[in-house]
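> Line by line, the protein sequences give chains A and B.
Here the UniProt record's numbering is used: the first residue of the first sequence is 1, the next is one more, and so on.
Here the UniProt record's numbering is used: the first residue of the second sequence is 1, the next is one more, and so on.
The set of hints was computed from the structure by calculation and includes no laboratory data.
Just to be clear, a hint being listed does not mean it is correct.
Here are the simulated DSSO-like pairs of lysine-lysine, each with C-alpha atoms no more than 30 Å apart in a straight line [unchecked claim]:
hint	chain 1	residue 1	chain 2	residue 2
1	B	K43	B	K54
2	A	K54	A	K43
3	B	K221	A	K175
4	B	K221	A	K221
5	A	K221	B	K54
6	A	K21	A	K54
Protein chains: 2
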Amino acid sequence: MTDKSSTPRQRYRDQVRGEIKAAALEQIRAGGAPALSLNAVAKGLGLTGPALYKYFRNRDDLLTELICDGYDAAAVAMRAAADRVADAPPREQLLALGAALRAWAIGVPHVYQLLAGTPSPGYQAPPETTDRARAVLGPLLGVLGQGDCRGAALELRAEMRFWLNDSPPVEEWVKAWAPDADAATALAGTVTAWARLHGIVSLEVQGLYGGMGHRPATLLKSEMETLADAMGLPG
Amino acid sequence: MTDKSSTPRQRYRDQVRGEIKAAALEQIRAGGAPALSLNAVAKGLGLTGPALYKYFRNRDDLLTELICDGYDAAAVAMRAAADRVADAPPREQLLALGAALRAWAIGVPHVYQLLAGTPSPGYQAPPETTDRARAVLGPLLGVLGQGDCRGAALELRAEMRFWLNDSPPVEEWVKAWAPDADAATALAGTVTAWARLHGIVSLEVQGLYGGMGHRPATLLKSEMETLADAMGLPG
DNA sequence: TCTCCGTAGTTAGAAGCTCTAACTTGAGAA
DNA sequence: TTCTCAAGTTAGAGCTTCTAACTACGGAGA
Numbered sequence: 001m002t003d004k005s006s007t008p009r010q011r012y013r014d015q016v017r018g019e020i021k022a023a024a025l026e027q028i029r030a031g032g033a034p035a036l037s038l039n040a041v042a043k044g045l046g047l048t049g050p051a052l053y054k055y056f057r058n059r060d061d062l063l064t065e066l067i068c069d070g071y072d073a074a075a076v077a078m079r080a081a082a083d084r085v086a087d088a089p090p091r092e093q094l095l096a097l098g099a100a101l102r103a104w105a106i107g108v109p110h111v112y113q114l115l116a117g118t119p120s121p122g123y124q125a126p127p128e129t130t131d132r133a134r135a136v137l138g139p140l141l142g143v144l145g146q147g148d149c150r151g152a153a154l155e156l157r158a159e160m161r162f163w164l165n166d167s168p169p170v171e172e173w174v175k176a177w178a179p180d181a182d183a184a185t186a187l188a189g190t191v192t193a194w195a196r197l198h199g200i201v202s203l204e205v206q207g208l209y210g211g212m213g214h215r216p217a218t219l220l221k222s223e224m225e226t227l228a229d230a231m232g233l234p235g
Numbered sequence: 001m002t003d004k005s006s007t008p009r010q011r012y013r014d015q016v017r018g019e020i021k022a023a024a025l026e027q028i029r030a031g032g033a034p035a036l037s038l039n040a041v042a043k044g045l046g047l048t049g050p051a052l053y054k055y056f057r058n059r060d061d062l063l064t065e066l067i068c069d070g071y072d073a074a075a076v077a078m079r080a081a082a083d084r085v086a087d088a089p090p091r092e093q094l095l096a097l098g099a100a101l102r103a104w105a106i107g108v109p110h111v112y113q114l115l116a117g118t119p120s121p122g123y124q125a126p127p128e129t130t131d132r133a134r135a136v137l138g139p140l141l142g143v144l145g146q147g148d149c150r151g152a153a154l155e156l157r158a159e160m161r162f163w164l165n166d167s168p169p170v171e172e173w174v175k176a177w178a179p180d181a182d183a184a185t186a187l188a189g190t191v192t193a194w195a196r197l198h199g200i201v202s203l204e205v206q207g208l209y210g211g212m213g214h215r216p217a218t219l220l221k222s223e224m225e226t227l228a229d230a231m232g233l234p235g
């Protein structure tokens with residue numbers, strides 16, 4: 001069986017698709033998702049506008065692919081960070097994962113905004129983004145599964161148990177990343193970490209700290225340390 | 001001196017401006033900020049497109065006004081909540097303020113997204129939004145100023161001192177809302193609360209909890225309780 | 001080697017958008 | 001009662017997404 005992706009036509013097609021995506025990202029970097037113009041992208045590549053419709057069904061299709069690529073890149077960054085500190089104590093792992101997500105996000109703020117925002121009138125995120133988002137958060141499950149809820153987090157953990165019972169995919173996801181941990185504990189810690197990280201990072205990439213004199217890194221460190229304390233993470 | 005806002009011309013003008021804003025908000029509610037079309041708004045009011053330019057300089061102008069209105073509404077909601085629990089212990093005040101912001105946001109999710117996102121290609125938030133955002137967070141200063149940083153938050157507080165020294169408007173803002181508190185402590189607690197609230201609420205209004213079985217209210221309560229613990233708030 | 005198919009790219013154009021310019025009309029002010 | 005000026009109109013430039021119909025060429029098979 002001939003490798004389908006290696007016929008000259010297919011290779012050319014893949015390359016052009018890549019160039020289109022790169023040019024589109026550049027436009028989004030300069031002016032946000034609403035500024036993406038297929039016409040301008042085409043012109044930049046020496047084509048006319050309608051030619052792009054041979055490569056992407058429409059504008060939303062292109063955006064969706066960029067969003068999926070974004071999730072994948074974030075997941076790679078998280079995984080790399082997790083590997084780097086695999087032998088460190090859990091508390092340090094949590095700090096490293098938080099710092100990694102922020103570092104990735106501020107390196108490509110327009111991509112982070114793409115993942116978080118509504119890029120287009122009536123845009124609906126396709127279902128496959130859920131899986132990709134879970135891959136980004138996966139490494140957190142393994143770390144926070146080593147902790148233990150206490151105080152106000154107990155109620156949260158109780159609710160996570162219901163969620164786990166209702167949704168087999170979620171249960172599988174947790175089991176895959178934290179096989180030995182109590183699933184509800186890992187999930188409660190991860191959801192908390194997710195919300196904290198997203199709050200800090202999204203305020204930063206949207207420039208809402210503008211004119212604020214503090215460094216988001218300090219806030220992030222403080223928040224991850226506090227979470228490690230609250231979850232009793234050793235290290 | 002005749003009241004300028006009561007000449008018939010002016011009253012008519014104010015009313016039409018109000019109708020335009022209401023129709024615009026309705027469009028944004030239905031399809032997000034990028035879906036706002038001045039043409040469609042005008043048609044809905046029985047006018048032709050260009051007529052709107054007698055009332056708003058351009059599309060961004062209208063958006064800016066909607067954003068300012070949004071901040072004002074959020075500030076009113078926060079202030080009302082603060083008044084309602086003025087006699088309660090600080091911990092309960094913090095919980096109430098957090099719940100109030102979330103309740104306001106999920107009541108008008110499109111407005112919250114408007115405040116947080118990039119509504120238009122190249123849109124630049126005007127400087128007056130900073131003051132309005134501070135009015136929203138103000139009540140938190142008074143509550144968290146009654147606490148005390150410890151552990152990992154000490155480093156954050158140290159950074160807040162620099163910020164206070166560098167920026168007189170910030171110092172004034174804190175003094176206005178928490179005159180008797182240590183300004184850096186109040187600020188550190190408020191920035192932390194802000195980031196946590198924004199993380200939880202923005203994930204919710206953007207539907208990123210979609211298919212997640214948990215109730216954001218539980219996460220919010222847990223996070224505010226944890227913060228109250230970390231700041232040693234009595235209650 | 002020659003033929004033919006299909007894909008890449010083209011132009012033309014519909015329908016929409018923001019926004020400007022120039023005009024008309026009618027309500028309030030003097 | 002007259003005059004002024006704001007409100008609203010039409011026309012149109014220049015942009016957008018996206019469809020339809022056409023051309024031309026590269027690669028696969030006879």
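> With reference to the structure, classify each hint as holding or not holding.
Do the hints match the structure? See the list:
{"no.": "1", "hint": "B:K43 x B:K54", "result": "holds, 15 Å"}
{"no.": "2", "hint": "A:K54 x A:K43", "result": "holds, 15 Å"}
{"no.": "3", "hint": "B:K221 x A:K175", "result": "holds, 27 Å"}
{"no.": "4", "hint": "B:K221 x A:K221", "result": "holds, 22 Å"}
{"no.": "5", "hint": "A:K221 x B:K54", "result": "violated, 50 Å"}
{"no.": "6", "hint": "A:K21 x A:K54", "result": "holds, 14 Å"}
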